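Given next are the chains, with one letter for each unit.
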Amino acid sequence: MGGQQYQSWGRYPKVNQQAVSMFWRQESLPLDGFEEKTFLPYGNGRSYGDSCLNDGGVLIDTRPLNRFIHFDAENGILRCEAGVLLNEILHLILPKGWFIPVSPGTQFVTLGGAIANDIHGKNHHTAGTFGCHVNCLELLQSDGTRRLCSLEENPDWFSATIGGLGLTGLITWVEIKLKKVNNPFIDQETIRFSNLKEFFQISADSDSDFEYTVAWVDCLARGDALGRGVFFRGNHAQSGTSKQPSPPRLRFTFPVDPPFSLVNQLSLKAFNFAFYNKQRKKSQKAIVHYAPFFYPLDSIEHWNRMYGPKGFFQYQFVVPHAGGPEATAEILGRIADSGLGSFLAVLKIFGDKKSPGLLSFPRPGITLALDFPNQGKKTFDLMDRLDDVVRSAKGTIYPAKDARMSKENFQVFYPQWQEICPYIDPRFSSSFWRQVS
Amino acid sequence: MRKILIFGATSSIAQETARLFAEKGDHFFLVARNSEKLGSVAEDLKVRGAGSVVTCALDATDVDRHQTVIEEATQKLTGLDTVLIAYGTLPDQKACEESFEFAKKEIETNCLSVLSLLTLAANQFEKQKKGTIAVISSVAGDRGRKSNYVYGASKGAVSIFLQGLRNRLYASGVHVLTIKPGFVDTPMTKSFEKGILWASPEKVARGIYNAIIKKKDVVYLPCFWRFIMLIITSIPEKIFKRLSL
Chain A
1 MGGQQYQSWG RYPKVNQQAV SMFWRQESLP LDGFEEKTFL PYGNGRSYGD SCLNDGGVLI
61 DTRPLNRFIH FDAENGILRC EAGVLLNEIL HLILPKGWFI PVSPGTQFVT LGGAIANDIH
121 GKNHHTAGTF GCHVNCLELL QSDGTRRLCS LEENPDWFSA TIGGLGLTGL ITWVEIKLKK
181 VNNPFIDQET IRFSNLKEFF QISADSDSDF EYTVAWVDCL ARGDALGRGV FFRGNHAQSG
241 TSKQPSPPRL RFTFPVDPPF SLVNQLSLKA FNFAFYNKQR KKSQKAIVHY APFFYPLDSI
301 EHWNRMYGPK GFFQYQFVVP HAGGPEATAE ILGRIADSGL GSFLAVLKIF GDKKSPGLLS
361 FPRPGITLAL DFPNQGKKTF DLMDRLDDVV RSAKGTIYPA KDARMSKENF QVFYPQWQEI
421 CPYIDPRFSS SFWRQVS
Chain B
1 MRKILIFGAT SSIAQETARL FAEKGDHFFL VARNSEKLGS VAEDLKVRGA GSVVTCALDA
61 TDVDRHQTVI EEATQKLTGL DTVLIAYGTL PDQKACEESF EFAKKEIETN CLSVLSLLTL
121 AANQFEKQKK GTIAVISSVA GDRGRKSNYV YGASKGAVSI FLQGLRNRLY ASGVHVLTIK
181 PGFVDTPMTK SFEKGILWAS PEKVARGIYN AIIKKKDVVY LPCFWRFIML IITSIPEKIF
241 KRLSL
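Line by line, the protein sequences are chains A and B. With the working numbering applied, the first sequence covers 1 to 437. With the working numbering applied, the second sequence covers 1 to 245.
Calculated from the structure, these hints are not laboratory results. Keep in mind it's a predicted model, so treat the numbers as computed, not measured. Some hints here could point you the wrong way.
[As the list claims (entries may be wrong)] Derived Cβ-Cβ restraints for the label pairs, each shown as a range:
(1) B/S172 x A/R147: 52 to 62 Å
(2) B/F227 x A/T126: 51 to 61 Å
(3) A/E36 x B/F227: 36 to 46 Å
[Stated by the list, open to error] Computed cross-link-like contacts, DSS-like style, restricted to lysine-lysine with a CA-CA straight-line distance of at most 30 Å:
(4) B/K194 x A/K177
(5) A/K14 x B/K203
(6) A/K353 x A/K285
(7) A/K394 x A/K353
(8) A/K14 x B/K190
(9) B/K216 x B/K203
(10) A/K285 x A/K180
(11) B/K24 x A/K96
(12) B/K24 x B/K238
(13) B/K203 x B/K130
(14) A/K179 x B/K24
(15) B/K105 x A/K177
(16) B/K24 x A/K180
(17) B/K94 x B/K194
(18) A/K407 x A/K377
(19) A/K180 x B/K46
(20) A/K37 x B/K194
(21) B/K76 x A/K96
(22) A/K179 x B/K46
(23) B/K194 x A/K310
(24) A/K37 x B/K190
(25) B/K129 x B/K214
(26) B/K46 x A/K96
(27) B/K105 x B/K194
(28) B/K24 x B/K130
(29) B/K194 x A/K14
(30) B/K129 x B/K215
(31) B/K203 x A/K96
Positions of the beta carbon are idealized from the N, C-alpha and C atoms, including for glycine.
Generate the whole structure from the sequences, applying the supplied hints.
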């Protein structure tokens with residue numbers, strides 16, 4: 001029952017916890033033998049920070065809950081257990097002409113995790129969060145209570161559970177609405193932009209015609225080039241494309257832990273320079289397979305190991321449109337000055353579709369996400385300085401990616417946080433929650 | 001299209017194996033103790049593409065019902081070409097040492113009931129002159145050790161029975177597969193600390209699937225267990241009896 005193999009994706013913090021597995025959705029939670037401890041459901045460990053960890057407590061591994069229950073291929077309604085991974089869903093639904101309504105940056109997340117973190121993707125401006133596409137779910141609590149939750153039935157529990165960080169109970173199964181597609185391909189256009197202003201222009205021009213938009217930003221660039229990068233926009237390809245791109249065949253893996261981080265000033269500079277200059281033309285069109293479009297990093301297994309044993313942080317914020325561009329520029333400036341940033345940062349404009357989730361992160365505005373190798377105090381200090389900018393711009397930070405948010409900031413970022421408390425299972429907790437509540 | 005009868009269909013390894021066949025549109029008759037869990041497995045296989053799935057609740061030690069169940073499966077699937085026996089328990093070795101009654105129960109589950117099913121399936125397949133009989137035995141059956149020799153003896157007997165059966169059924173063209181997994185991360189082993197030698201049920205299932213398709217005789221899963229067991233079985237008894245393995 002060791003919990004040693006259970007880590008978060010950023011591999012920070014290191015915690016001491018135990019783990020048990022949940023094998024059948026019909027059974028009660030496996031609480032026996034842990035009378036004094038708290039529990040937290042654990043999916044596939046793709047949350048970056050401490051929201052999927054339970055120091056001193058017990059994780060309930062939900063991956064064995066990976067059975068499909070019903071697939072209505074006519075109407076695109078899928079019901080399955082919460083431990084099913086998005087790639088397993090795609091494997092089933094794509095040949096029948098359906099796609100996941102919202103894709104995060106990796107297909108290796110569980111359905112339960114997607115809901116507990118109310119994840120978003122490149123189509124947030126048109127589709128909202130993952131929680132917007134959930135018809136209903138079953139929530140199992142430590143006292144054995146089972147609740148069917150939807151917008152109509154137990155809507156308060158539904159709202160608390162979407163983006164509820166796994167604290168309201170264990171999601172046993174879920175029913176989601178899928179999206180119709182003609183094929184696995186994406187009509188992609190990539191446009192190079194030379195500064196932040198140009199990014200906002202392209203993004204505004206793209207929102208109505210492109211279902212998926214995102215930009216990669218060179219976070220080492222400064223001055224006039226601040227915020228330069230490459231904009232990706234795309235739509236699901238129409239039927240009858242002549243050229244059929246194949247899925248990526250090779251999957252690389254980081255087989256071992258390097259003793260130190262491979263991400264340093266030199267490797268970063270070379271990578272970001274190459275990336276920005278890879279594309280000769282200002283803009284380029286191509287039909288690409290969905291996998292590299294949505295999940296570029298999935299082709300490198302265990303890529304998180306490249307940051308070495310100390311792990312890394314991911315930092316993602318959103319700031320509202322009013323004052324947002326200035327705040328984003330300020331933050332990019334602070335990152336560039338610090339020289340602590342990592343590979344490309346991801347920049348996107350969120351839409352205004354509201355999620356049913358009570359503690360959901362996405363809201364209208366500008367969102368930026370990037371990695372920082374863990375270099376101890378200077379990394380923490382930098383993130384504190386970024387928090388200040390986010391806070392004064394009335395923005396917020398994403399709990400699924402956080403490992404160090406202060407209690408004070410969390411309660412400012414999520415002023416409604418106490419509304420979830422009555423819905424938190426008395427036997428459930430997480431490292432994140434103890435830090436911020 | 002295969003017509004597959006699975007005993008112990010709710011075991012993790014059986015579920016994962018069945019999924020691989022379900023994707024090909026095969027037909028299933030699933031047997032296990034718990035009908036609710038059987039229902040979940042059946043739904044899953046149907047969504048994944050199974051041609052048809054019928055379930056039947058049975059405690060495998062109820063050997064008197066074996067004949068009826070195999071007949072029912074043959075009738076429901078309009079024929080039968082593959083039998084997978086995948087159930088088992090991991091006995092508490094200490095309890096087995098203290099009470100033969102307890103040990104006997106474990107031997108009935110892991111060995112005698114399996115031999116009963118094998119006898120019936122072998123006769124049916126020998127008559128129809130085709131089919132595959134696949135049984136999950138264990139590396140533990142290759143050599144007795146103090147930590148689990150009751151389990152090992154049960155699995156060892158099954159392995160030897162299968163050797164004989166393979167020899168007998170060769171003439172009729174019936175394929176007999178002995179599956180010897182090492183450590184697999186399943187509900188049966190949930191109280192164990194997992195390490196580098198442990199494999200996932202998916203990985204073991206892939207090996208079983210390939211061994212059935214390629215008509216292998218004996219497979220160790222993952223395959224490195226063949227070498228581990230080669231070493232373990234070649235240690236002289238004089239030395240082996242002193243070891244704590």
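Hints versus structure:
{"no.": "1", "hint": "B/S172 x A/R147: 52 to 62 Å", "result": "holds, 56 Å"}
{"no.": "2", "hint": "B/F227 x A/T126: 51 to 61 Å", "result": "holds, 55 Å"}
{"no.": "3", "hint": "A/E36 x B/F227: 36 to 46 Å", "result": "holds, 44 Å"}
{"no.": "4", "hint": "B/K194 x A/K177", "result": "violated, 37 Å"}
{"no.": "5", "hint": "A/K14 x B/K203", "result": "holds, 29 Å"}
{"no.": "6", "hint": "A/K353 x A/K285", "result": "holds, 29 Å"}
{"no.": "7", "hint": "A/K394 x A/K353", "result": "holds, 19 Å"}
{"no.": "8", "hint": "A/K14 x B/K190", "result": "holds, 23 Å"}
{"no.": "9", "hint": "B/K216 x B/K203", "result": "holds, 17 Å"}
{"no.": "10", "hint": "A/K285 x A/K180", "result": "holds, 23 Å"}
{"no.": "11", "hint": "B/K24 x A/K96", "result": "holds, 15 Å"}
{"no.": "12", "hint": "B/K24 x B/K238", "result": "violated, 50 Å"}
{"no.": "13", "hint": "B/K203 x B/K130", "result": "holds, 27 Å"}
{"no.": "14", "hint": "A/K179 x B/K24", "result": "holds, 25 Å"}
{"no.": "15", "hint": "B/K105 x A/K177", "result": "violated, 48 Å"}
{"no.": "16", "hint": "B/K24 x A/K180", "result": "holds, 24 Å"}
{"no.": "17", "hint": "B/K94 x B/K194", "result": "holds, 21 Å"}
{"no.": "18", "hint": "A/K407 x A/K377", "result": "holds, 19 Å"}
{"no.": "19", "hint": "A/K180 x B/K46", "result": "holds, 22 Å"}
{"no.": "20", "hint": "A/K37 x B/K194", "result": "holds, 22 Å"}
{"no.": "21", "hint": "B/K76 x A/K96", "result": "holds, 29 Å"}
{"no.": "22", "hint": "A/K179 x B/K46", "result": "holds, 22 Å"}
{"no.": "23", "hint": "B/K194 x A/K310", "result": "holds, 23 Å"}
{"no.": "24", "hint": "A/K37 x B/K190", "result": "holds, 19 Å"}
{"no.": "25", "hint": "B/K129 x B/K214", "result": "holds, 18 Å"}
{"no.": "26", "hint": "B/K46 x A/K96", "result": "holds, 15 Å"}
{"no.": "27", "hint": "B/K105 x B/K194", "result": "holds, 27 Å"}
{"no.": "28", "hint": "B/K24 x B/K130", "result": "holds, 20 Å"}
{"no.": "29", "hint": "B/K194 x A/K14", "result": "holds, 19 Å"}
{"no.": "30", "hint": "B/K129 x B/K215", "result": "holds, 15 Å"}
{"no.": "31", "hint": "B/K203 x A/K96", "result": "holds, 26 Å"}
Violated hints, in rising order: 4, 12, 15; the structure is consistent with all others.
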